[in-house]
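Chains as they are written, first to last, in our numbering: chain D, 137 to 460; chain X, 13 to 172.
Check each hint, because a few of them may be wrong.
Unchecked claim - List time: in silico DSSO-like cross-link candidates among lysine-lysine, alpha-carbon distance up to 30 Å: (1) D:Lys413 <-> X:Lys61; (2) D:Lys200 <-> D:Lys162; (3) X:Lys51 <-> D:Lys162; (4) D:Lys357 <-> X:Lys51; (5) D:Lys162 <-> X:Lys61; (6) D:Lys200 <-> D:Lys327; (7) D:Lys390 <-> X:Lys51; (8) D:Lys357 <-> D:Lys238; (9) D:Lys219 <-> X:Lys51; (10) D:Lys173 <-> D:Lys200; (11) X:Lys61 <-> D:Lys219; (12) X:Lys36 <-> D:Lys354.
No lab work stands behind these hints: they were computed from the structure. Every value quoted in this text rests on a predicted model; they were computed, and no experiment measured them.
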Amino acid sequence: MKLNAIISLLAIVLLSSTAAVAQEKKSCSFDLVGTWKAQLSPTEAILYRFDSKDAVTVLSAPEKGEPQQIATAKYEVINELGKPDSVSFTATGKSRIFGSIKKTMKLVSYDDTSITCAIPGIGTTRWTRVDPDRYFIVLAARNGEFYDKTGSAFPMVIKLAGGVPTIDAFGVYAAKEGRAFGTVPPDIYKKYFAEARNDSETTLRLEINLRQYERALKVIKEWERRDHEGALLYTTAAETLDDPTALNNILVVKAVTETLNQCSEDINLYPLNYVVKDDWITFNLGSAYVPFYYFKELRKRNEARHIPDQKFQELVHLPNVASR
Amino acid sequence: MYAQCHGACPLVTTVMKRTYRDLKDRMGKDLFFYSISVKPQDDSPAALKHYAQMRNVDLPGWYFLTGDAYDIETIRFRLFNMGHIGVDTDFAMHSGTFRIVNDATNYWGHAGAFASQQHILQRISWADPYKTPAEWDVYAQKLQASINRDVKKYGYRREF
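Isolated chain X, as found in the complex (with noise of 0.2 Å):
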C-alpha cells in the first residue's frame, strides 16, 4: 500500500479493518498486522499515521510501515514475488495477496485479499499453534455447532 493509493489499497484496507474486526480479542497480543508503504520515499510515518487515522485503522496491533526502498523492495520480493518480472516489477499488476507468517512454527501461507471473510480468516487460523487434544473437542464442537444450525437454518451446510 501507500499513502496516496486510490486504487485497490483503500480496498484492501477494509478488508482487512474487516478481518481484524473478527478477531479483535487477539489484535495486538498475539496477532499483527503490518501494512508496508511500497512507496517509503513518498510516505513518512507521519503521512502512514494519516491514512490509517483517515481511515479508522490506527489501531492496537496493526502497524503502518516504512522504511529504506533497498529493504522495502527486497521485502516486497521476499514475500510476494510471482517468478514473474512483468508483474514483480509493475505496481499496478500486483499480487493482490496477505502475507500470514507465523515465526514460532515456521508457517508460511497467504489468503487472497479479495476473498470471502470465512477464507481469510481460516487461512489466518492455519498459522495458529498447533491444538492439544483437548483444544482440538472445543474447536470441533465449535464447528459442529456451527454446521448444525446452518442445517437447520438452510437444509445445508453453507459456509466451509
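Same shape as in the complex, but just chain D (with noise of 0.2 Å):
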C-alpha cells in the first residue's frame, strides 16, 4: 500500500515562461526554391530558377518572347552562426555562372520578397520573386448576429492559382444553431467577402505575398489541429472567468494578422497588446467584440490597400472555389 502511494505520487512542478524578453526582432526566413528574377535593363531581365535539391537554372527573359536557358549549375547555402550567409555556385556542364565555374554570392539582405546579394566582380544586385499565383487575405466581422450582439469575426486566406482559389477561413461564424467556433464552412464564408454594408459590417481585403500567405496558413492550419484534436489554448469559462471562445478567436485573428508583419511592417497593425495606453479597444470592449472593433481598425489603417468590391470580384471568382 505504502509501496503503491509511493509510486504513484507523482509530482511535477514546472516552471512557466519566465523570460525577460524584449520586443521581438523581425525574423525573415530564407528559402531559395522557386524563381528570382533580376532587372538588368528596363527591357532584359535574367530568371534564376531554384530546385528544392541543388540545382539552378538560369535563363534570359527578353520583354518579348520565351525564357532561353543560358547556363545551369549546382547551389548550396552556406550558414554563417546558424543564418545563411551566403550561396555557392558550381556551374555544370559547359556553361558558367556569373562568369565563372564557380561563384560564391555574399547575402546582403533578405525579406519575404526579395534578396540583395553581392557577388564578386559584378556588384551588388536584388532579386525579386516571381510567383505565377496570387494571395489574398480578407478579415470580415459582423456586429449583431448573435443573443449578445455580437457576432461573426474570422480571417480567410486565398491563394489564387490558375484563376481557381483556394480558400482557407477559421474563427468564430454564424451555424444554424448559433455561434460555432472552428473551421468556417464555404457557404458561410462566400457571403463575408462584400463590401461592409453598414456600420454593424468590416471587410479589409489586401493582396498579400507567398510568405504572408503561408505563415497565415500555418496558423489556420494550426488552429483547425487543436479545434480537431480538443487542444484549444482556452478551454474552460472557470479556468479564464472569460469566454473562452471569445478569447479563442482574439488568439486566431492576433496571430494571423501579426505574423503578416513577422518579416517586415508591410501591413499597419494595431497594436493588439492589451497596454492600456496602446490598446483601446481591449481595455473598453469585452473579448466577444474585440475581434470586430480590431478588424474595423485595421480597415481604417490600411484602407489605401484595401481591394475594392469590383475589382476583387473580378480576381476572386467565386462559383470557381475549390473545395480542400
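Reassemble the complex: the two chains are provided individually, in unrelated frames, and hints are given to aid placement.
Structure below.
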C-alpha cells in the first residue's frame, strides 16, 4: 500500500515562461526555392530557377518572347552562426555561372519577396521573387448576429492559382444552431467577402505575398488541428473567468494578422497588446467584441491597400472556389 | 524557461535547486521536477543538458524538456494560463509560478516561484497522498517540536 502510494505520487513542478524578453525582433525565413528575377535594364532581365534539391537554371528573360536557358549550376546555401550567409554556385556542363565555373554570392539582406546579394566581379544586385500565383487575406466581421449582439469574425486566406481560388477560413461564425468556432464552411464564408453594408459590418481585403500567405495559413491549420484534437488553448470559463471561445478567437485573429508583419512592417497593424496606452479596444470592450473592432481599426489603417468590391470579384470568382 | 534566458530563469532555477536540496531524499523516487523550454525551436536536448550542467542541476529526478512547439504551447496554456491574453501571449509577462501536480490524488496546485522556501515546501507537501492517523501523529509531533523550538528561541512561532 505504501509502495503504491509512493509510486503513484507524481509531483510535477513546472515553470511557466520566465523570460524577460524584449520585443521580438523581425525574423525573415530564407528560402531560395522558386524563381527569382534580376532586372538588368528596363528591357532585360535574368531569371534564376532554384529547385528544392541543389540545381539552379539561369534564363534570359527578354521583354518579348520565351525565356531562354543560358546556364545551369549546382548551388549550396552556406550558413554562418546558424543563419544563411552566402550561396555557392558550381556550373554544370559547359556553362558558366556569373562568368565563372565557381562563384560564391554573399547575401546582403533578404525579406519575404526579395534578396539583395553581392556577387564578386559583378556588384550588388537585387532579386525579386517571381510567382505566377496571387495571394489575399480577407478579414471579415459583423456585429449583432448573436444573442449578445456580437457576431462572426474570422480571417480568410486565399491562394489564386490559374484563376482558381483556394480558401481557408477559421474563427467565430454564424452556424444554423448559433455561434460556432472552427473551420468556416464555404457556404458561410462566401457571404462575408462583400463590402461592408453598414456600420455593423467590416471587411478588409488585402493582397499579400507567398510567405505571408504561408505563415497565415500555418496559423489557421494549427487552429484547425487544435479544434479537431480538442487542444484549444482556452477551454473552460471557470479557468479563464472569460468566454473561452472569444479568447481563442482573439488568439486566432491576433496570430494571423501579426504573422503578416513577421518579416517587415508591411501592414499597418493595430497593437492588440492589452497595454492600456496602446490598446483602447481591449481596454474598453468585452472579449467577444474585440475581433470586430480590431478588424475595423485595421481597415481604417490600411484603407489605401483595401481591394475594392468590383476588383476583388474580378480576381476571385466564387463559383471557382476549390474545395479542400 | 529556455537555455538562453538571462532574466528570471536562472533565478527560478536557483529556487528550484534549493527546493531540490530540501527534498533530495524523495527526488527521482516519488517526486520529479520538469522544466520545460518555452522556446523549443531554439532548445535542443543538448542545449538544455548544457544549461543544466552549467547550473549544477543535472540531477536525478529533474528533467529539462523540449519538444514540438504545438504541444508545448498547449501545455503552457493548460497549466499556466491566466485567462488574460496580454499576459498569456507575452513571455515577459509570465505567471511566475510552479505547478504542483499529483496525478494519483488528482491534486493540482501551484506555488509562487519567488515565495519563501517554507511556503514552496508546504505547497508541495499538500500534494502528498493522504496520511493515515498514525502518520498524522508523527507529522503533528514533528510540527509541535518545531513550534516549541521556535517559541523557546524567539518567544513566538516563527515559521508557518
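Q. So which hints don't hold here, by number, going up?
A. 1, 2, 6, 8 and 12
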